[in-house]
Amino acid sequence: MDDLYREVIIEHYKNPDHRGRLDPHDISFEDENPLCGDHIRIDLRVDEDGKITDVAFDGHGCAISQSSADLLLDSVLGKTVDEVKKLTKADVLDLLGIELGPVRLKCALLPLKILKAGVYGLGEASDSLVEDE
Amino acid sequence: MSEMYKVENKLGAIRADFPILSREVRPGVPLIYMDSAATSQKPEAVIEAMNRYYRWTNANIHRGVHALAEEATAMYESARERIARFIGAGKAREVVFTRNTTESINLVAYTWARKFLSKGDLIVLSEMEHHSNLVPWQILAAEKELRLEFIHVTDEGEFDQESYQGLLEQHPKLVSITHVSNVLGTINPVKEMIVQAHTVGARVLIDGAQSVPHMPVNVKELDADFLAFSAHKMLGPTGIGALWAREETLEAMPPFLGGGEMIKRVYLRTFTPNEIPHKFEAGTPAIAEAMGFGAAIDYLNEIGMDTVAAYESDLVKYGMEALGQVKGLRILGPAADRRCALMAFTMEGAHPHDVAQILDMDGIAVRAGHHCAMPLHDRYNIPASTRASLYLYNTRAEIDQLVISLGKVNKLFN
Chain C
1 MDDLYREVII EHYKNPDHRG RLDPHDISFE DENPLCGDHI RIDLRVDEDG KITDVAFDGH
61 GCAISQSSAD LLLDSVLGKT VDEVKKLTKA DVLDLLGIEL GPVRLKCALL PLKILKAGVY
121 GLGEASDSLV EDE
Chain R
134 MSEMYKVENK LGAIRADFPI LSREVRPGVP LIYMDSAATS QKPEAVIEAM NRYYRWTNAN
194 IHRGVHALAE EATAMYESAR ERIARFIGAG KAREVVFTRN TTESINLVAY TWARKFLSKG
254 DLIVLSEMEH HSNLVPWQIL AAEKELRLEF IHVTDEGEFD QESYQGLLEQ HPKLVSITHV
314 SNVLGTINPV KEMIVQAHTV GARVLIDGAQ SVPHMPVNVK ELDADFLAFS AHKMLGPTGI
374 GALWAREETL EAMPPFLGGG EMIKRVYLRT FTPNEIPHKF EAGTPAIAEA MGFGAAIDYL
434 NEIGMDTVAA YESDLVKYGM EALGQVKGLR ILGPAADRRC ALMAFTMEGA HPHDVAQILD
494 MDGIAVRAGH HCAMPLHDRY NIPASTRASL YLYNTRAEID QLVISLGKVN KLFN
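Residue numbers (our numbering), protein chains in the order written: chain C, 1 to 133; chain R, 134 to 547.
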């Protein structure tokens, strides 16, 4: 448990690389975790080849959800939309480098849920987007 | 002070009555439980009462004539009588067993209000209500085109009495408000507010979920029309709560859920309802839980609610001063002398969820989030808060540890 607030998580929480909004953007999606009030919006710019060229997130929430958003966006920069569709829960946990209980897992996975709902062009984000196959 | 002395003296014994308080959360980390506003811990006597029912008396109530059924029925009804006495109710049949406070409020919405309120009628609620005293009225208001208005809450966390007076001038049919806020801790002046509501002909429902466990509450002195509360927040089990209303009010209300026990006679196409309170208790109820509820009442009576209130009042004064020393910490709600023993707070630079997680590392159980009061958090423009809620088994030493652990939060985030 003491590892939960690893330096990398605190660092990305306090000084995120990708906080802000993109205007104009090609993809934008927002959602919240009603449990703790975490709210995140993700904006993406995508070029003609489907490659992600610009990323930004905005919102508020706990260190886990906010650092997860920052780390996740960092990792998808330069990837294609199709590659993003294949991202899983395990990828996010690898980025964070921590193990989480069921409650905090929802915080960690909120950014991926939003990102995938965005690239799939869904009307609503669903937990099934980040569940194990 | 003599009351204080009584509990302080008995404290060691009180803590030993709660088996869970001696456990460690993780090896070497003892539990410091500060989440009693969500649910309280249970003394051995409550656990044992339920155990005894299942081991010795288990039978369905009210219909059997065999020995076990007679015993179980007598014990179930005895619990009801002790609960009635505990809240100063005139008669045991004025106490309806429900699942919890939420169901008690829903019962009033779906039976009394659905029958007696009609299009355009006004229900007065407040900005500090728990979702359980908002959503049932929202559902009913949509169905019957009722109006909902809300008593404002001041920056200090108290009802804005001026806004209440303004709403009373519009002649509401019902005022439904909380006695103690589960976020601000505010003890609301409901007695005066009930007098004022009655002057304009409104009925009053008091949400007693956070008051009945912590202070003497007497329905006759309050002169309320409905009182809703839960067993599990007052040392009893989950799954059982109560609704109190005067005999004549309950008589006038239609039944709630349909089924067995709530009927006197059933025909293929019609039925005649049972007498109160059974009219509102369809199906096999939470029998073991009623035994536990009764045992919780006995336990609290043994200590005395005046003693509980005095001890908690001292504890929260100490807690407010101690938390006031933590850098960047802001407590929601009024001063110590106007609140119950719960403190919700925000910390600069740290999200409540992270605060709660770091406290958990030291075995401290607090709650983080909106505490089922989203509109109240909107009112103060904060997404969430961390809440330490205390009860008669908490100590000053535990508050000292809380302060030390909050220091760790500051070290990590600031």
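Treat each hint with caution, since some may be false.
[As the list claims (entries may be wrong)] Taking lysine-lysine and the DSSO-like style, the derived pairs with C-alpha atoms no more than 30 Å apart in a straight line are:
id, chain 1, residue 1, chain 2, residue 2
1, R, 324, R, 460
2, C, 106, C, 79
3, R, 353, R, 324
4, C, 106, C, 89
5, R, 460, C, 14
6, C, 86, C, 51
7, R, 460, R, 541
8, C, 14, C, 85
9, R, 353, R, 224
10, C, 85, C, 51
11, R, 544, C, 106
12, C, 106, R, 541
13, R, 544, C, 14
14, C, 14, C, 89
15, R, 541, C, 14
[Unchecked claim] Which stretches of chain C does chain R cover? Using the computed rule of at least three CB atoms under 8 Å from a CB of chain R, they are:
id, segment
16, 50-62
17, 74-87
For the record, the hints were derived by calculation from the structure and aren't laboratory data.
For clarity, every value in this text was computed on a predicted model and none was experimentally measured.
Beta carbons are placed, not taken as given, at the ideal position from N, Cα and C, and that holds for glycine.
Going down the list of hints, with the structure as the test:
Note on residue 324/R and residue 460/R: the hinted pairing is violated, with a Cα-Cα distance of about 37 Å set against a maximum of 30 Å. Only pairs whose Cα atoms come within 30 Å are accepted, and residue 106/C paired with residue 79/C is accepted, the gap being roughly 24 Å. Of the supplied pair hints, the one linking residue 353/R and residue 324/R holds, its CA atoms being roughly 10 Å apart against a limit of 30 Å. Between residue 106/C and residue 89/C the alpha-carbon distance is near 10 Å, which keeps this suggested pair within the 30 Å criterion.
Restraint check for residue 460/R and residue 14/C: the C-alpha separation of about 18 Å stays at or below 30 Å, so the hint holds. Pair hint residue 86/C plus residue 51/C holds up; C-alpha atoms about 14 Å apart against a cutoff of 30 Å. With a C-alpha separation of about 11 Å, the suggested pairing of residue 460/R with residue 541/R holds against the 30 Å cut-off. Distance check on the hinted pair: residue 14/C and residue 85/C sit about 28 Å apart at the alpha-carbon level, within 30 Å; holds.
Straight-line distance between C-alpha atoms of residue 353/R and residue 224/R comes to about 11 Å, which keeps the hinted pair within the 30 Å bound. Restraint check: the Cα-Cα separation between residue 85/C and residue 51/C comes to about 12 Å, which is no more than 30 Å; the hinted pair holds. Restraint check: the Cα-Cα separation between residue 544/R and residue 106/C comes to about 26 Å, which is no more than 30 Å; the hinted pair holds. Under the criterion of a C-alpha separation no larger than 30 Å, the hint pairing residue 106/C with residue 541/R is consistent with the structure, at around 24 Å.
Restraint check for residue 544/R and residue 14/C: satisfied, since their Cα atoms lie roughly 13 Å apart, inside the 30 Å limit. Between the alpha carbons of residue 14/C and residue 89/C the distance comes to roughly 23 Å, so the proposed pair stays at or under 30 Å and holds. As the CA atoms of residue 541/R and residue 14/C are separated by approximately 16 Å, the hinted pair is consistent with the 30 Å bound. Under a criterion of three residues with beta carbons nearer than 8 Å to beta carbons of chain R, the stated coverage of the segment 50-62 of chain C is upheld, 3 such residues being counted.
Only residues whose C-beta sits within less than 8 Å of a C-beta in chain R count toward coverage, and the segment 74-87 of chain C has 0 of them, not enough to reach three; the restraint is violated.
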